[in-house]
Amino acid sequence: MSVTAADRPGSEPGRTIFQKGAPGRRAFVCPQHEVPEVDPRELLPERLRRSAPPSLPEVSEPELVRHYVGVSKRNYDLDSGFYPLGSCTMKHNPRLHERAAALPGHARLHPLQDPEHAQGALELMWRLQGALAEISGLPHVSLQPCAGSQGELAGVLLSRAYHEDRGEQRHKVLTPDTAHGTNPATVTMAGLEVVKLETNEAGGVDLEDLRRKADRDVACLMLTNPNTLGIFEENISEIAEIVHGVGATLYYDGANLNAIMGLSRPGDMGFDIVHFNLHKSFTQPHGGGGPGSGPIAVSERISPYLPVPVVARGADGSFALDHERPKSIGRLRAFHGNYGTFVRAYAYICSLGADGLKDASQTAVLNANYLLARLQEQGLAEYLPLAFGELCMHEFVLSGGPMKRRLQVKTLDLAKRLLDFGFHPPTVYFPLLVEEALMVEPTETETKETLDAFAEAVAAIVAEAREDPEVAAGAPYTTPVRRLDEVAAAKHPVVREAL
Amino acid sequence: MLAAIGVGSLEELFERQIPDAVRLREPLALPAGMPEQDVFEHLRELAARNGDVEQQLSFLGAGMYDHYVPALVDMLTERSEFLTPYTPYQPEVAQGGLQVMFEYQTAISELTALPVSNASVYEGASAVAAAAYMAKLHNGRSSIVVSEALHPHSIETLRTYARGYGMAVREVPTRDGVTDAGAWAAAIDANTSAAIFAQPNFLGAVEDAAALSEAAGAGSVEAPVVVAQVDPITLGVLAPPGECGVDVAVGEGQPLGNRLDFGGPSFGLFAAREEYLRRMPGRIAGATEDLEGRRGFVLTLQTREQHIRRERATSNICTAQALNALAGVVYLSWLGRRGIVELGELLLARTHYAREQLATIEGVEKLHEQPVVREFALRLDADVAAVRRRCLRAGVNPGLDLHAHTGRERDRGGLLVALTERRTRADIDRLAEVLAGAIEAERPAGAQAEKALA
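Chain order of the listed sequences is A and B.
Heads up, the first sequence is in this note's numbering, so the first residue is 1 and it goes up one at a time.
Heads up, the second sequence is in this note's numbering, so the first residue is 1001 and it goes up one at a time.
Keep in mind that the hints were calculated from the coordinates and are not lab data.
You may find that some hints are simply not true.
[Stated by the list, open to error] List of simulated lysine to aspartate or glutamate pairs, EDC-like, C-alpha gap at most 16 Å:
#, chain 1, residue 1, chain 2, residue 2
1, A, K404, A, E470
2, A, K410, A, E390
3, A, K410, A, D468
4, A, K410, A, E444
5, A, K196, A, E208
6, A, K491, B, E1289
7, A, K20, A, D39
8, A, K491, B, E1011
9, A, K358, B, E1274
10, A, K213, A, E241
11, A, K172, A, E116
12, A, K20, A, E497
13, A, K358, B, E1026
14, A, K491, B, E1274
15, A, K358, B, D1176
16, A, K213, A, D177
17, B, K1366, B, E1054
18, A, K404, A, E435
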């Protein structure tokens, strides 16, 4: 890790922009009005006016730049090091995408521009729709959802609309106990009820439990494949048969699509609805927690209900926004989706092509299995065993349970100690059914050297813990701040600067 | 690597894990990959076929606006440290992102005069739906009252979500360009969970926010949650929602330092009175201390959230719009305490000038007489689509065809014109000239004259 603001003499960590500057300082110079002056009261009556200005910062441009550059250095980022956050697919973000997205024809195009003056943008969206359809094996695509979570909401609403259109009121949605938290939360928001499915010994859906719970009240089964354990559902065809057998739909949470591009397609597995995370599989930068983008692809029978608008190509070859979809679930947001993310995802697909996408997934799986093998070497596997199975797809989940019992070092301690070794830790404590879970997703853009260095860091931490568990328990030591009091933060929330 | 794994080939990894029946045996039907420079050329060529705001003199608004974005916003949002991390799950190495969230929350709280803000939601229209869902969790009531002067996309989005969580949506009509106060008061009853209006509204008119809140019973126990969808750039001059009896302010954040991007990504702002803090959707950063007593920031009140609470979460929202919110707070800091007011005054002055200039054109009248800040609606005595086509041929986009956008009969003839500080007086005069010419040519008399000439 680079030198941080905390280490630099004279800097005050945690001092916000609101605590800097001085009255009267400014960066912005307002343009001249250029128009005849009118009595302000004529423009806006007193009672509709703001009486005192908001207490925004008063800082000069140099202060502003130094402040935010300083603040930025208190972040760990993917461009600086390994970021094996499970289920998040932290792969390299090519800078080409930023350059292309910043072109005025993309970045400065108004969303309500007449379609005949936005043909390039509509064509790009149409091509992306086509590519996502091909990758997923499902023919109809809506790019509208803002993020994976909204793609999920669209999916559940689509299922509901499909059943209602057939005169059926189905109120249950099945989700495995390994599912991402967004799945059950989405079901509730869509007005349906969550029914949990158990996981079998192989880490997949328990078929007996599924058969017991799959009935005519079930609208949908939401599944990630490979699931959050990094395990491909070996019974996927049977699962699809059971679900379709009771007339329900099958929903694919695309968070883990990076494992299977060009290798297997959700549509061919029997899924009816898929969401994509363009910020995972398709390299939209994660931005410190957004923006995301969550397009969906659906089968023929679900397509009448897709959100509006959809980009369509007319007989004359021109592109248009199709709003005339009478059975549509409606709109999920303003305008047409996170277009800026479409430019980046489309650039990525163009760069890689069919072979490159397959190669990316193959390498992601290879890297994950290699790192898994390194972490299951003698001296490590006793403390951090693989939770399920032998091999994995693009990610794997270790259990820190034995390490906790034998060394009094928790998964959280290991994660914090990894920070001192210059690595971002994996996802921790998820999925919930694995004790002291450690979920590792290296992605395809990491080298063998990086994977080795990470495995060696984990080995070094375990070796160190065998000597003295207190070291890990007190970590990290080298970061801008040490462990933070999250309990106090929640008990007495301070969510803005007091001015 | 294969030897370490203990497999003989790459293929074996997949053979052993993916059932044969669902293996894809043919290559994806996609073009072959391309070198970087070819991809860039392809994307440049697509971009070149778009009429962006550098090519047209554009007065389009209706939810997204062509404001000047200072260079330092680009410089900061392109920094690896902000661009490439994820949600700050490990606060010790994410103090930068968390502090930005905390500063953003402070800025939005100041701007709206409401005590708490989250770290942003997706965008403006779904923020309205998120506020209504929070109201349902808060008071358990069954219906939503919404002014029809909200952006149509916001109402459509609200209806999509409300069908899901099972609430009825009732629209209140407008009168003289603003929400009909009588109909608003009459529509709100004991079943009303949330009452929602826009400030300024879709027609650019400034609503009497305090009167609408009061009519909704704000402050009493029976009152619904009063929600205002605000345009943040107007809050330097307009009375802020927190001082108008509003409980929750939501809005599209794009005007604050974000690009147009053909509609996204941007961010949605979401601020509220303190009592709603534990039911808010999305990420919230909070201040705390580390082991050594240093100030630091963490994601807080996470027990609201989906990754902890699952089906009982207050929302399914997972990520915020951190990078877009960063642009927002940098922009607000750049404008500063006085700049936000000065910019608002500039918009007021230029918008007034534009409205008066255009209203003097033969065949143009104001659609309403209400005060406006940055956008206003006109009624043309000519076919709006034809007038717009003529203007576009002259390189001027005069604004939004209201009827084409809303499909409402009473919007026929309506044109919605938006201003930003980038549109100078000369630009406005040019719009007046082109629009006057186009209307003259398209009015019945003008059309006849043209035929005669032909």
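Taking the hints in turn, this is what the structure says about them:
Restraint check: the Cα-Cα separation between A/K404 and A/E470 comes to about 12 Å, which is no more than 16 Å; the hinted pair holds. This hinted pair does not check out: A/K410 and A/E390 have alpha carbons roughly 23 Å apart, beyond 16 Å. Using a Cα cut-off of 16 Å, the hinted pair A/K410 and A/D468 holds, with the two alpha carbons roughly 13 Å apart. A threshold of 16 Å between alpha carbons decides the hint, and for A/K410 with A/E444 the separation of about 28 Å lies outside it, so the pair is violated.
With a CA separation close to 13 Å, the supplied pair A/K196 and A/E208 stays within the 16 Å bound. Of the pairs offered as hints, the one joining A/K491 and B/E1289 holds, with about 13 Å between alpha carbons and a cut-off of 16 Å not exceeded. Under the criterion of a C-alpha separation no larger than 16 Å, the hint pairing A/K20 with A/D39 is inconsistent with the structure, at around 35 Å. The hinted pair formed by A/K491 and B/E1011 fails the criterion: a straight-line CA distance of about 52 Å is larger than 16 Å.
Taken as a hint, the A/K358 and B/E1274 pair is broken in the structure, with Cα atoms around 50 Å apart against an allowance of 16 Å. In summary, the hint linking A/K213 to A/E241 is supported, as the alpha carbons are separated by about 14 Å, within the 16 Å threshold. Restraint check for A/K172 and A/E116: not satisfied, since their Cα atoms lie roughly 44 Å apart, outside the 16 Å limit. A threshold of 16 Å between alpha carbons decides the hint, and for A/K20 with A/E497 the separation of about 12 Å falls inside it, so the pair holds.
Proposed proximity of A/K358 and B/E1026 is supported: the alpha carbons are some 11 Å apart, at most 16 Å. A threshold of 16 Å between alpha carbons decides the hint, and for A/K491 with B/E1274 the separation of about 14 Å falls inside it, so the pair holds. With a CA separation close to 59 Å, the supplied pair A/K358 and B/D1176 exceeds the 16 Å bound. Taken as a hint, the A/K213 and A/D177 pair is honoured in the structure, with Cα atoms around 14 Å apart against an allowance of 16 Å.
Proximity of B/K1366 to B/E1054 is assessed by CA-CA distance (about 28 Å); at most 16 Å being required, the pair is judged violated. A hinted pair counts as satisfied when its Cα atoms are at most 16 Å apart, and A/K404 with A/E435 qualifies at roughly 10 Å.
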